[in-house]
Amino acid sequence: MRFVIVTGMSGGGKSTAIHMLEDAGFYCVDNLPVSLIEKFAELITMPDSEINKVVLGIDARAGQQFEEVAGMIDSLKERGIPVEVLYMDASDQVLIKRYKETRRIHPMNVNSVGDRIEDGIAKERNVLAEVKKRADYVIDSSQLLTRELKEELDRIFVKNEEYNSLMITILSFGFKYGIPYDADLVFDVRFLPNPFYIDELKHQTGNDKGVQDYVKSFPACGEFVDKLEDMLKFLIPGYVQEGKYQLVVAIGCTGGQHRSVTIANELYDRLKASKGNYGLKIFHRDVKQAK
Numbered sequence: 001m002r003f004v005i006v007t008g009m010s011g012g013g014k015s016t017a018i019h020m021l022e023d024a025g026f027y028c029v030d031n032l033p034v035s036l037i038e039k040f041a042e043l044i045t046m047p048d049s050e051i052n053k054v055v056l057g058i059d060a061r062a063g064q065q066f067e068e069v070a071g072m073i074d075s076l077k078e079r080g081i082p083v084e085v086l087y088m089d090a091s092d093q094v095l096i097k098r099y100k101e102t103r104r105i106h107p108m109n110v111n112s113v114g115d116r117i118e119d120g121i122a123k124e125r126n127v128l129a130e131v132k133k134r135a136d137y138v139i140d141s142s143q144l145l146t147r148e149l150k151e152e153l154d155r156i157f158v159k160n161e162e163y164n165s166l167m168i169t170i171l172s173f174g175f176k177y178g179i180p181y182d183a184d185l186v187f188d189v190r191f192l193p194n195p196f197y198i199d200e201l202k203h204q205t206g207n208d209k210g211v212q213d214y215v216k217s218f219p220a221c222g223e224f225v226d227k228l229e230d231m232l233k234f235l236i237p238g239y240v241q242e243g244k245y246q247l248v249v250a251i252g253c254t255g256g257q258h259r260s261v262t263i264a265n266e267l268y269d270r271l272k273a274s275k276g277n278y279g280l281k282i283f284h285r286d287v288k289q290a291k
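If you count by full-length UniProt numbering, then the sequence shown holds residues 1 to 291, one letter each, in order.
Worth double-checking, as some hints may not be accurate.
As the list claims (entries may be wrong) - Here are the simulated DSSO-like pairs of lysine-lysine, each with C-alpha atoms no more than 27 Å apart in a straight line: (1) Lys133 to Lys216; (2) Lys272 to Lys150; (3) Lys159 to Lys216.
Claimed, not checked - Derived Cβ-Cβ restraints for the label pairs, each shown as a range: (4) Leu32 to Lys97: 24 to 32 Å; (5) Ser217 to Tyr27: 54 to 62 Å; (6) Glu229 to Asp30: 24 to 32 Å; (7) Val110 to Ser49: 33 to 41 Å; (8) Tyr181 to Asn160: 18 to 26 Å; (9) Gln289 to Glu42: 29 to 37 Å; (10) Arg270 to Asp188: 31 to 39 Å; (11) His19 to Leu185: 31 to 39 Å; (12) His19 to Tyr181: 44 to 52 Å; (13) Asp23 to Glu223: 20 to 28 Å; (14) Glu200 to Thr102: 33 to 41 Å; (15) Glu223 to Asn31: 54 to 62 Å; (16) Ser49 to His19: 18 to 26 Å.
The hints are simulated quantities; they were obtained by calculation from the structure and are not laboratory data. Values in this document were obtained by computation on a predicted structure and should not be read as measured data. C-beta: ideal position from N, C-alpha, C; glycine also.
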């Protein structure tokens, strides 16, 4: 029997996650009133139940006694009901952007006409705080593509692989286009010679062997990546222990096409080879910008 409660921030990807789990063979029920959750759990866990994979979606809509959910989860676990909690989250900036794009009213503001989206988000985070502490899985969708979210859900709920609470994004960028707003750690590699000034390399990128060979030919490049890899391997366990779910390591050069891309690729390959207890992905923000 697998009973999964999907909850989290409005706009964080709950509905998408529920639909993906439904496609994976789970029987899904969404927006069940909080007062009926324990009764529902009892019904689906009865010995003669034909359902063995269930997803229940719940959210902190205005008017619901969501404060009771944390205690209800504790009660279910104490009674031996195998409940798992998936919490979908995203940064405030991403949530605001998603709400502005859809022009929807935040559910926490439906009874407070005139409140800003930021106010609704703050209210919801406060209401959900205790439930988040009880989550078995927290997925931050701020930087996840739909495909990447599906891969993560499949890994946890279909393949039953170990859950990695920390998702690390190695991000290359160009300083001329601005520092990424979501970067946690920013490293400047403009101390390395710029392939842009080599005619045969100017229109290539750090994804091309010519640029890679040029950048890596300088001893300072290898020494820098060695030190950066060592520092990250020191920091990552601490981030995991403190409950951090998203770490964006941003590596920048002038245009975000040559040096930063090369070093981001090298760092990604090294961390991937180390097979640490974290998720890992790479993104080159400015590699397609006009040269």
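I want to verify a distance hint. Is the separation of the beta carbons of Gln289 and Glu42 within 29 to 37 Å?
Since the Cβ atoms of Gln289 and Glu42 sit about 57 Å apart, the hinted range of 29 to 37 Å is violated.
How does the Cβ-Cβ distance of Glu223 and Asn31 compare with 54 to 62 Å: does it lie in that range?
55 Å, holds
For Asp23 and Glu223, compare the CB-CB distance with the range 20 to 28 Å and indicate the outcome.
For Asp23 and Glu223 the Cβ distance comes to about 47 Å; the hint is violated.
With 31 to 39 Å as the target window, see if His19 and Leu185 comply at their CB atoms.
34 Å, holds
Supplied distance hint 44 to 52 Å, evaluated on CB atoms of His19 and Tyr181
Given a distance of about 29 Å, which is not inside 44 to 52 Å, the answer is violated.
That 33 to 41 Å hint for Val110 and Ser49 (C-beta), does it hold up?
35 Å, holds
Does the hinted range 24 to 32 Å hold for Glu229 and Asp30 at CB?
43 Å, violated
Given the hinted pair Lys159 and Lys216, is their Cα-Cα distance within 27 Å?
Outside the cut-off at roughly 38 Å; violated.
For the hint 31 to 39 Å, verify it against the beta carbon of Arg270 and that of Asp188.
Check failed, 19 Å falls outside 31 to 39 Å.
Do the beta carbons of Glu200 and Thr102 sit within 33 to 41 Å of each other?
Given a distance of about 47 Å, which is not inside 33 to 41 Å, the answer is violated.
Is the hinted range of 18 to 26 Å satisfied by the C-beta distance from Tyr181 to Asn160?
For Tyr181 and Asn160 the Cβ distance comes to about 36 Å; the hint is violated.
Look at the Cβ atoms of Ser217 and Tyr27 and judge whether their distance stays inside 54 to 62 Å.
58 Å, holds
Hints 1, 3, 6, 8, 9, 10, 12, 13 and 14 from the earlier list are contradicted by this structure; the remaining hints agree with it.
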